[in-house]
Structures are given as structure tokens and as C-alpha cells.
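*Asks:* On the provided structure of chain A, position chain B as indicated by the hints.
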Amino acid sequence: MTKAVLTVIGIDRVGITARISTCLAEANINILDISQTIMQNIFTMVMLVDLSKSTKDIDVITEELNKISAELGLNTQLQHVDVFNSMHRI
Amino acid sequence: MFISPDEITQTVRMIQEEHLDIRTVTLGINLLDCVTGDIKTTSEKIYDKICRTGSRLVPVCKSIEKEMGIPIINKRIAVTPVSLLVGNVCLEDCVMIARSLEKAAEDIGVNFIGGYTALVHKGYTNGDKSLVKSIPQALNETKRVCSSVNVATTKAGINMDAIRDMGILIKKAAELSKETGGSACARLVVFANAPEDNPFMAGAFHGIGEPECVINVGVSGPGVVKSAIEKVRDKDFTVLAETIKKTAFKITRMGQLIAQEASRNLGVPFGIVDLSLAPTPAIGDSVARILEEMGLECCGAHGTTTALAILNDAVKKGGTMASSHVGGLSGAFIPVSEDEGMINAVSMGALSLEKLEAMTCVCSVGLDMIVVPGDTPASTISAIIADEIAIGVVNNKTTAVRIIPAPGRKVRDVVDFGGLLGRGPVMKVNPFGSEKFIDRGGRIPAPIQSLRN
Chain A
0 MTKAVLTVIG
10 IDRVGITARI
20 STCLAEANIN
30 ILDISQTIMQ
40 NIFTMVMLVD
50 LSKSTKDIDV
60 ITEELNKISA
70 ELGLNTQLQH
80 VDVFNSMHRI
Chain B
0 MFISPDEITQ
10 TVRMIQEEHL
20 DIRTVTLGIN
30 LLDCVTGDIK
40 TTSEKIYDKI
50 CRTGSRLVPV
60 CKSIEKEMGI
70 PIINKRIAVT
80 PVSLLVGNVC
90 LEDCVMIARS
100 LEKAAEDIGV
110 NFIGGYTALV
120 HKGYTNGDKS
130 LVKSIPQALN
140 ETKRVCSSVN
150 VATTKAGINM
160 DAIRDMGILI
170 KKAAELSKET
180 GGSACARLVV
190 FANAPEDNPF
200 MAGAFHGIGE
210 PECVINVGVS
220 GPGVVKSAIE
230 KVRDKDFTVL
240 AETIKKTAFK
250 ITRMGQLIAQ
260 EASRNLGVPF
270 GIVDLSLAPT
280 PAIGDSVARI
290 LEEMGLECCG
300 AHGTTTALAI
310 LNDAVKKGGT
320 MASSHVGGLS
330 GAFIPVSEDE
340 GMINAVSMGA
350 LSLEKLEAMT
360 CVCSVGLDMI
370 VVPGDTPAST
380 ISAIIADEIA
390 IGVVNNKTTA
400 VRIIPAPGRK
410 VRDVVDFGGL
420 LGRGPVMKVN
430 PFGSEKFIDR
440 GGRIPAPIQS
450 LRN
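Those sequence lines, one after another, are chains A and B. Reading the first sequence from the start, the letters are residues 0 to 89 in numbering that gives the first Met the number 0. Reading the second sequence from the start, the letters are residues 0 to 452 in numbering that gives the first Met the number 0.
Some hints here could point you the wrong way.
Said to hold, decoys possible - Under the rule of at most 30 Å between Cα atoms (straight-line distance), these lysine-lysine pairs were calculated in the DSBU-like manner:
| hint | chain 1 | residue 1 | chain 2 | residue 2 |
| --- | --- | --- | --- | --- |
| 1 | B | K65 | A | K52 |
| 2 | A | K55 | B | K65 |
| 3 | B | K65 | B | K48 |
| 4 | A | K66 | B | K61 |
To be verified - Simulated DEER-style distance windows between Cβ atoms:
| hint | chain 1 | residue 1 | chain 2 | residue 2 | range |
| --- | --- | --- | --- | --- | --- |
| 5 | B | G283 | A | E62 | 21 to 29 Å |
| 6 | A | I33 | B | R12 | 18 to 26 Å |
| 7 | A | K66 | B | E105 | 31 to 39 Å |
| 8 | A | R12 | B | V231 | 33 to 41 Å |
| 9 | B | D32 | A | K66 | 43 to 51 Å |
| 10 | B | T179 | A | E62 | 37 to 45 Å |
| 11 | B | K427 | A | S34 | 52 to 60 Å |
| 12 | B | R451 | A | M38 | 51 to 59 Å |
The set of hints was computed from the structure by calculation and includes no laboratory data. Don't be surprised by glycine CBs; every beta carbon is placed ideally from N, CA and C.
If we strip away everything but chain A, and leave its shape as in the complex, we get (with noise of 0.2 Å):
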């Protein structure tokens, strides 16, 4: 997998993004672009992300961002590209 998009839907609070691209970086993940909106009260970051360099493999940072996931009462989902690709774009 090289580039996957990260979908992050939860309560807004402090800090969301910064723990989330922290847990990124500390894996030498790149953010390639990122889009984040707040409707009532419901956070919702979309990033799209750059595994190639990536020191760590996909199962160990799926369960960092679970566990992050867990505490901030998020809902975390880290997919390759190609699913959004296929299902939206002839």
C-alpha cells in the first residue's frame, strides 16, 4: 500500500488532530493533503496519507489509531486509495 486515505468521524475536542498526525509522523507517514470540517458538534478529518516510507507496518499503526481511537472516542478507518477510486470514479 503506498498512498491510503485516513477517515477520522468523532465528537470535536482538543487535540484530535495534532494526536493523530503525531502518531503519523512518529511512523514516518506523510500527509499528503488533509480536509477537515466540524457540523454539530460531529468532527470529520479526511486525510490522505503517504505509506511508502512508512517504518511501520500497516497492522501496528491500525492498532495505534485504534488506541488513540478508543481514548478520544473517535471512530478511526485507515483505507488503500484504490477503494475510493473504485467506487466513485470511472
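*Replies:* Showing chain B alone in chain A's frame:
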């Protein structure tokens, strides 16, 4: 961003809230080269080949699941119809092969293995005879082995001898597994026009026109379709059909992606994506609820056949463009015990066996996971099968019957099969007999529709 955040969250919602998943990745394996003169050696070779070819299926699917973030619910194996691998052998010899299939399935970690199958649409070979006779015992001695018998094709007509035999064998299989409500019958399908590349159980087998091995994928997503049409509640049928079509396209794209990835990682050619909308007993994963969302008070009400026709057609239209090769059964499934809405409709008295039969004229597959009283005569079960098979033969489509005459159970009892097989309310069967009709035996000639050359 290359794809809008709205589109991304839509996909994530489909997976997390609307049960979008890949229902099955099925690896088809040719076993013809396992045939030897000795049944014991043949069954050992079968075990070895399945384990050798299929050993990476489960780990590869698990890694794709992680990478794509899409659940792959079932990993399964389909093999060459076993009747082609055995000659004029005794019943016990056939069951030995069933045990080999079971052990291979268990060892590589798949939940079902299909192909304990005979194709008898024009008549029995010696191998077919042995295998068909052994089905009740084979199913009773295994947990994962799935069996199917093709009793008719549009080209060949209907083998009524086989239909008569199947009524008796289904009763026998139910009796042998009476402790679990006749659950062995849930792994036995009687087909007309059986497809050779169907990835779904219990009817999957690796047809003789298929390559050495192949990956076929079945998608799911009734919940996604239901959510999509909730947004067009007050719109007309054109908008409704269009909405289903677009949704089906998106769902099928996931199937195509997973099929390609599995094929590439396993080094096995990609066969087809099956467009069927497959329900589960889970809330929010029901085909019946889609029909109700279209405006019916309860599935089974007048209008249900039309609603299903719309759904089935729109799903195919959307799905066809989304996949490079479409095959298998490809249509909406309406298994009663595996669909929470269908279970509810039967319990409410809204959905009868007769209505289900009508519904099967416009969708795949047929009378699926129907529980009937245990005292239903074998000839009546044969006649139910014959009616369903006639629909398939005349309309040039696949139809099938998976019926469970639950021993000791009466109408309105509920039989729980557990897991994906769900729980089925016992349905009322027409009490008038068909015995003399079924006793005639022989073959019904192929219909005029078969002469297309």
C-alpha cells in the same frame, strides 16, 4: 483532494453503518486430475490438492480486508462436481470423499466447501447415482460440505426421476439431522440451469468449463440500497430505479476491486463478480426491508413481485458496468431464514410459499431456506421443487430450491439454524397431494424455448 471528503465519508458510512461487505471470495478448484482407480487414493489426492491450492486463501483475504478496510465475510472453496470423480462406487465410498472435503475445508479455515454435486438434468450416470444416494449421510457427517443437484436445464428439459428422488433424500437428510431441526438440508440445493461459476453457497461448484482454478466474488449490500432509497421516498419509479442502479454500481465496484486484489495476490485468474444482493439475518441487511421501503406495508403484500422486479433489474444494470466479468447467479436473493425482513413477513402472515414462488419468477434464485412442517410428504416436496424448476426451465433462468422439512415441527414454530443460516418460521404447505403426478417419473421434454439455433 482527488476525491471529495463527502464521497469518502459516504464510503465509510456504507461500510460502518450500512453493512457493506464482500459476502464471499470463493476459490474454484479443478479436481479432475485427482481421479485414480482407487477411491481411497482419490480422496487423499483431493485433500492434498485442496490444501495445496487453497492454503493461502484465508490469509490473503485477511490481508486485503486490512488494507482496504472492507470486511470479507466468507472465504470458501468450490470444487469439481464430485459425481464426476467417482464411478460406480458404494455409498460409503462417496461419503469418504465428503470427509476429505470436510477435513480440507477445516484445515485451510474456510466455513463452507461446495461441489458435492451431481449434474443429472438428462439422467444419472453411475457416479451420479452413487453420489446422490449418499447426500443425506454425507451432509449429516460433515459441517462444511455443501451439496447441489442440477435436475433440469432449458436445453435438456426436466429430469422428474431425479426430482422424485430429491424429495425422498431431502426428507432423509432432515431426519438424520433432526436434533438441529433438519439443518443438513440447509446445505443442499436442487437447481435448474445451475451456473458453473456461482460463488455463493450452498450451490457453488467448479464447473467443467472453468479453468484449473479461479476466483469468484459475491458482493452484498441490501443495507446500502435501503439507505439510498430512503432519500427518494416521495419520488417516482424512474428516480427509484435510477437510485438503485447508481448504488449497485458502487457496491459492485468494491467486489471488482477485491476480486482483482485476491486474484493478483493468489496468482489465480479472476472469474466473475456475482451481482446478487445477499442479505443476512442482521438488522439493516435485509432485501425484504428494501421492498418495504419502496412503499409496501409488509413484504408479501400485493406489489411485492413488482418491487422485486425493479430491484433485481436495477441492480443488474448498475452492476454490469461496474465489473469486467459478471456471472454466477446475479440477482436479488430472497432466502427466508437468512433475511430479517422475510422472517418478519412470514411471522406476520404476509408472505406465503405461493407468493415466494411468484417472486422467484423475477429474481434469483428460488425458494431458498424455506422451512416446512416435518410431516410434509416427500411427494409434496418433490412437487414444490418441480414447480420452481419449471419456472427456471421455461424462463431460461437459474432457479433453485433449498427446503427444510423440519422433523416434528408444525406451522408457526421457529427453527433456529444459527449464524448466517438464520432462523426460519415453519411455513404452511398446500395440503392437497401430488403423489400420482410425481410418481409418473421420466423426463419432461425441453421447452420450445430451447430450440434457438
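*Asks:* Just to be sure I understand the hint, the distance between the Cβ atoms of I33 of chain A and R12 of chain B should be within 18 to 26 Å; is that true here?
*Replies:* Since I33 of chain A and R12 of chain B have Cβ atoms about 20 Å apart, the given range 18 to 26 Å holds.
*Asks:* Is 51 to 59 Å a correct range for the gap between the Cβ atoms of R451 of chain B and M38 of chain A?
*Replies:* holds (57 Å)
*Asks:* Do the alpha carbons of K65 of chain B and K48 of chain B lie within 30 Å of each other, as the hint requires?
*Replies:* With a Cα-Cα distance of about 28 Å, the restraint between K65 of chain B and K48 of chain B holds, given a limit of 30 Å.
*Asks:* Is K66 of chain A close enough to K61 of chain B, meaning Cα to Cα at most 30 Å?
*Replies:* holds (21 Å)
*Asks:* Check the following: the C-beta atoms of K66 of chain A and E105 of chain B are separated by a distance inside 31 to 39 Å.
*Replies:* holds (34 Å)
*Asks:* If you draw a straight line from the CA of K65 of chain B to the CA of K52 of chain A, is it 30 Å or shorter?
*Replies:* The given pair, whose Cα atoms are some 19 Å apart, holds under the 30 Å limit.
*Asks:* Is 43 to 51 Å a correct range for the gap between the Cβ atoms of D32 of chain B and K66 of chain A?
*Replies:* holds (49 Å)
*Asks:* Within 52 to 60 Å or not, the Cβ separation of K427 of chain B and S34 of chain A?
*Replies:* For K427 of chain B and S34 of chain A the Cβ distance comes to about 56 Å; the hint holds.
*Asks:* Hint says 21 to 29 Å; check whether the CB-CB distance for G283 of chain B and E62 of chain A agrees.
*Replies:* holds (28 Å)
*Asks:* Tell me if the beta carbons of T179 of chain B and E62 of chain A are separated by a distance inside 37 to 45 Å.
*Replies:* holds (38 Å)
*Asks:* Between K55 of chain A and K65 of chain B, is the straight-line Cα distance small enough, at 30 Å or below?
*Replies:* Between K55 of chain A and K65 of chain B the Cα gap is close to 15 Å, so the pair holds against 30 Å.
*Asks:* Look at the Cβ atoms of R12 of chain A and V231 of chain B and judge whether their distance stays inside 33 to 41 Å.
*Replies:* holds (36 Å)
Hint violations for this structure: none, all hints satisfied.
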